[in-house]
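The listed protein sequences derive, respectively, from chains A and B.
Per our numbering, residue 1 is the first one in the first sequence, and the count goes up by one each step.
Per our numbering, residue 1001 is the first one in the second sequence, and the count goes up by one each step.
Worth flagging that the hints you see were computed from the coordinates, not collected in a lab.
Just so you know, even glycine gets a beta-carbon here, dropped at the ideal spot from N, CA and C.
Check each hint, because a few of them may be wrong.
[As the list claims (entries may be wrong)] If we take Cβ atoms under 7 Å as the criterion, some of the chain A residues that face chain B in the derived model are:
1) Val59
2) Ala115
3) Thr117
4) Val121
5) Pro130
6) Gly134
7) Val135
8) Leu138
9) Met166
[To be verified] Computed spacing ranges between beta-carbons, pair by pair:
10) B/Ala1005 / A/Leu138: 37 to 47 Å
11) A/Leu138 / B/Tyr1024: 14 to 24 Å
12) B/Thr1058 / A/Ser28: 23 to 33 Å
13) A/Leu12 / B/Thr1058: 34 to 44 Å
14) A/His120 / B/Phe1093: 30 to 40 Å
15) A/His120 / B/Asp1055: 49 to 59 Å
16) B/Phe1023 / A/Ile126: 21 to 31 Å
17) B/His1101 / A/Met14: 30 to 40 Å
18) A/Leu94 / B/Asp1055: 43 to 53 Å
19) A/Ala156 / B/Tyr1024: 20 to 30 Å
20) A/Ser77 / B/Lys1089: 49 to 59 Å
21) A/Gly25 / B/Val1006: 21 to 31 Å
22) B/Arg1008 / A/Asp6: 33 to 43 Å
23) B/Asp1055 / A/Ile126: 23 to 33 Å
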Amino acid sequence: MNWVIDIVLLALLMFTAVTIARLRGLFSAAIVAGIYSLLGACWMSVLDQPDVAFTEAAVGAGISTVLILVTLSLTTSEEKEPKHTPLLPLVVVLITGAALIYGTIDMPRLGDPQAPTNLHVAPRYIEESPHEIGVPNLVTAVLASYRGYDTLGETAVILTAGVGVMILLGGARRRRWRADDDKRDRA
Amino acid sequence: MRDQAVPRVVAKLLIPYILLYAFYVQWHGDYGPGGGFQAGVIFAAAIILYALIFDLRTAQQAIRPRVVGLLVPLGLLLYIGVGIATMLKGGVFLEYGVLEHDPVHGQHLGILLIELGVGTTVAGVMITIFYGFAEAVSDR
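Next comes chain A alone, as it looks inside the complex (with noise of 0.2 Å):
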């Protein structure tokens, strides 16, 4: 039966994002790439992947989409007429789209043991990390653990992009502020 669950997500998922790629309207396109989000949670939890679950739910489904509709309150919600004939796009993302299930043939199975990625260093985890590390969950143990630099580097990668972002509004206050003083002088 678990067919049939696969099945109807990835239709689900393929009818959300025709749908996003036919939207004129940029607030409604936000909506249902959130439902897009939501769907594509279901399918990680569905492939026994909890922890991606979770992020994609919280972020994709919620923060992102809240920060895609407060752009939208600041530029338009209408997206424009394209200038240019989709032809073009259309056989780029279908040679690309082809040459990506071209690719899946020589993947092997999902969570086959004999995978070359399952027999590098996923053995070492599976066995040692109970003794070594003792932590039930063993993505936390490779992820915080064996993986902390890693870590570290990502947590630094989500500062280094808040700050970014503060940077790029602060300077647009900024700059507003200064217009406004100017006014005020020359008034």
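Following the hints, complete the assembly by docking chain B onto the known chain A.
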């Protein structure tokens, strides 16, 4: 949205549980799914929901932008601080095992602390970005 009864009541009911869940994910990350990043994002989502339903100013009175701005570097500093502490204790950078006599206990303590650092930074950044955008909207 302050004048709309249904979102207001639902948000009022849900926000404490969302916050509680964020803390559960934070402190329970080594037993169940989740960890610092997810906890930080869920916490930020609760604050953003509060700001959307009751006004941005009300939210900023409860969770002050200045405090949130301080949390952002504090989380990363906590992470790096754990690394430096392990170096001072004679291990290499981020080798949590040296934090306590029993290496497994040291690992537990180290993971708990760095996850707290990640959660603090992520929550801080998400709330800061939202505050930044929302202030830009309300300035217009």
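For each hint, the structure was consulted:
no.: 1; hint: Val59; verdict: 5 Å, holds
no.: 2; hint: Ala115; verdict: 23 Å, violated
no.: 3; hint: Thr117; verdict: 21 Å, violated
no.: 4; hint: Val121; verdict: 17 Å, violated
no.: 5; hint: Pro130; verdict: 10 Å, violated
no.: 6; hint: Gly134; verdict: 4 Å, holds
no.: 7; hint: Val135; verdict: 4 Å, holds
no.: 8; hint: Leu138; verdict: 10 Å, violated
no.: 9; hint: Met166; verdict: 6 Å, holds
no.: 10; hint: B/Ala1005 / A/Leu138: 37 to 47 Å; verdict: 46 Å, holds
no.: 11; hint: A/Leu138 / B/Tyr1024: 14 to 24 Å; verdict: 19 Å, holds
no.: 12; hint: B/Thr1058 / A/Ser28: 23 to 33 Å; verdict: 29 Å, holds
no.: 13; hint: A/Leu12 / B/Thr1058: 34 to 44 Å; verdict: 37 Å, holds
no.: 14; hint: A/His120 / B/Phe1093: 30 to 40 Å; verdict: 23 Å, violated
no.: 15; hint: A/His120 / B/Asp1055: 49 to 59 Å; verdict: 52 Å, holds
no.: 16; hint: B/Phe1023 / A/Ile126: 21 to 31 Å; verdict: 29 Å, holds
no.: 17; hint: B/His1101 / A/Met14: 30 to 40 Å; verdict: 55 Å, violated
no.: 18; hint: A/Leu94 / B/Asp1055: 43 to 53 Å; verdict: 48 Å, holds
no.: 19; hint: A/Ala156 / B/Tyr1024: 20 to 30 Å; verdict: 26 Å, holds
no.: 20; hint: A/Ser77 / B/Lys1089: 49 to 59 Å; verdict: 56 Å, holds
no.: 21; hint: A/Gly25 / B/Val1006: 21 to 31 Å; verdict: 24 Å, holds
no.: 22; hint: B/Arg1008 / A/Asp6: 33 to 43 Å; verdict: 39 Å, holds
no.: 23; hint: B/Asp1055 / A/Ile126: 23 to 33 Å; verdict: 50 Å, violated
Violated hints, in rising order: 2, 3, 4, 5, 8, 14, 17 and 23; the structure is consistent with all others.
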